[in-house]
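Q: Sequence:
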Amino acid sequence: MLAAAGDLLLAEGMAGFTFERVSAISGASRTTLHKWWPSRGALAAEAYFRTVESTLAFPDTGDIAADLTEQLLAFVRLVTGTTAGRVIAELIGSSQTDPELAAAYREHYSAPRRALAVAAVEAARDRGQVRVDVDAEAVVDQLWGACYHRLLIPDQPLTEAFARTLVDQLVHGLRTREITPS
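Residue numbers for the sequence shown follow the UniProt record's numbering, beginning at 1 and rising by one.
No lab work stands behind these hints, which were simulated from the structure alone.
Keep in mind that the hints are not guaranteed to be accurate.
Claimed, not checked - Per label pair, the in silico range of CB-to-CB distance:
1) T32 / P157: 38 to 44 angstroms
2) E53 / T18: 19 to 25 angstroms
3) D7 / V132: 40 to 46 angstroms
4) S54 / D133: 30 to 36 angstroms
5) R127 / G16: 44 to 50 angstroms
6) A11 / R77: 14 to 20 angstroms
7) R21 / E160: 31 to 37 angstroms
8) V132 / L78: 28 to 34 angstroms
9) D60 / T165: 21 to 27 angstroms
10) G16 / L174: 43 to 49 angstroms
11) G128 / R21: 47 to 53 angstroms
12) A66 / E137: 19 to 25 angstroms
13) D133 / T18: 46 to 52 angstroms
14) T61 / E160: 15 to 21 angstroms
Note that beta-carbon positions come from the ideal geometry of N, C-alpha and C, so glycine has one too.
Use the sequences and the hints to build the structure in full.
A: This is how it looks when you write it as structure tokens:
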């Protein structure tokens with residue numbers, strides 16, 4: 001059911017996404033779909049996550065800068081190079097007025113994605129790659145929040161170069177190095 005729902009969602013977006021269409025494609029009855037998902041938005045959110053989950057698998061090479069860069073690049077490629085970007089923007093927009101979609105989005109997409117990134121930063125902290133006082137939640141907000149901003153408010157393009165710059169500036173900071181006279 002989720003595979004059929006995900007395929008339909010990516011093909012047609014929320015405009016063409018209905019219980020009736022998912023039922024016809026998947027072979028599951030509408031009653032079954034309604035039993036498991038309280039709204040079409042809730043079904044769409046879970047289907048979206050299941051569809052993109054493998055693309056957004058978080059790497060674990062032991063190098064936090066490389067892992068964050070690769071993860072952010074995978075996200076940028078997904079949302080700029082496929083229909084997934086349009087769909088996630090629709091889901092975020094619709095979640096503002098659909099409480100079931102908002103709950104499903106948090107449960108099936110944003111919370112699991114966030115947890116992976118937070119765990120990666122915390123593991124890097126445990127390995128001594130980042131300062132002990134680094135707020136892993138804030139790191140996630142800094143990186144993905146900037147990407148979502150450019151996706152949803154496209155004043156500036158969301159590009160791979162932008163993603164690389166985000167990680168580089170986060171890892172290396174903004175301060176100039178103080179040079180001590182020799």
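Q: Compare the structure with each hint and give your call.
A: Against the structure, the hints:
As the Cβ distance of T32 to P157 is approximately 42 angstroms, the hint placing it in 38 to 44 angstroms holds. E53 and T18 have their C-beta atoms about 23 angstroms apart, which keeps the hinted 19 to 25 angstroms range intact. Checked against the hint of 40 to 46 angstroms, the C-beta distance between D7 and V132 comes to roughly 45 angstroms, which is consistent with it. For the pair S54 and D133, the supplied restraint of 30 to 36 angstroms holds, since their beta-carbon distance comes to about 34 angstroms.
For the hinted restraint 44 to 50 angstroms between R127 and G16, the CB-CB distance of approximately 46 angstroms keeps it satisfied. The beta-carbon spacing between A11 and R77, approximately 19 angstroms, falls within the hinted interval of 14 to 20 angstroms. The hinted window of 31 to 37 angstroms between R21 and E160 holds, with their beta carbons roughly 34 angstroms apart. For the pair V132 and L78, the supplied restraint of 28 to 34 angstroms holds, since their beta-carbon distance comes to about 32 angstroms.
Taking the beta carbon of each, D60 and T165 are about 23 angstroms apart, inside 21 to 27 angstroms as hinted. In this structure, G16 and L174 meet the distance hint of 43 to 49 angstroms, their C-beta atoms being roughly 45 angstroms apart. For the pair G128 and R21, the beta carbons lie near 51 angstroms from each other, so the given range of 47 to 53 angstroms is met. One distance hint, 19 to 25 angstroms for the beta-carbon pair A66 and E137, holds here, with the actual separation near 21 angstroms.
Evaluation of the 46 to 52 angstroms hint for D133 and T18 yields a pass: the beta carbon distance comes to about 49 angstroms. At about 18 angstroms, the CB distance of T61 to E160 agrees with the hint of 15 to 21 angstroms.
Checked against the numbered hints above, the structure breaks none of them.
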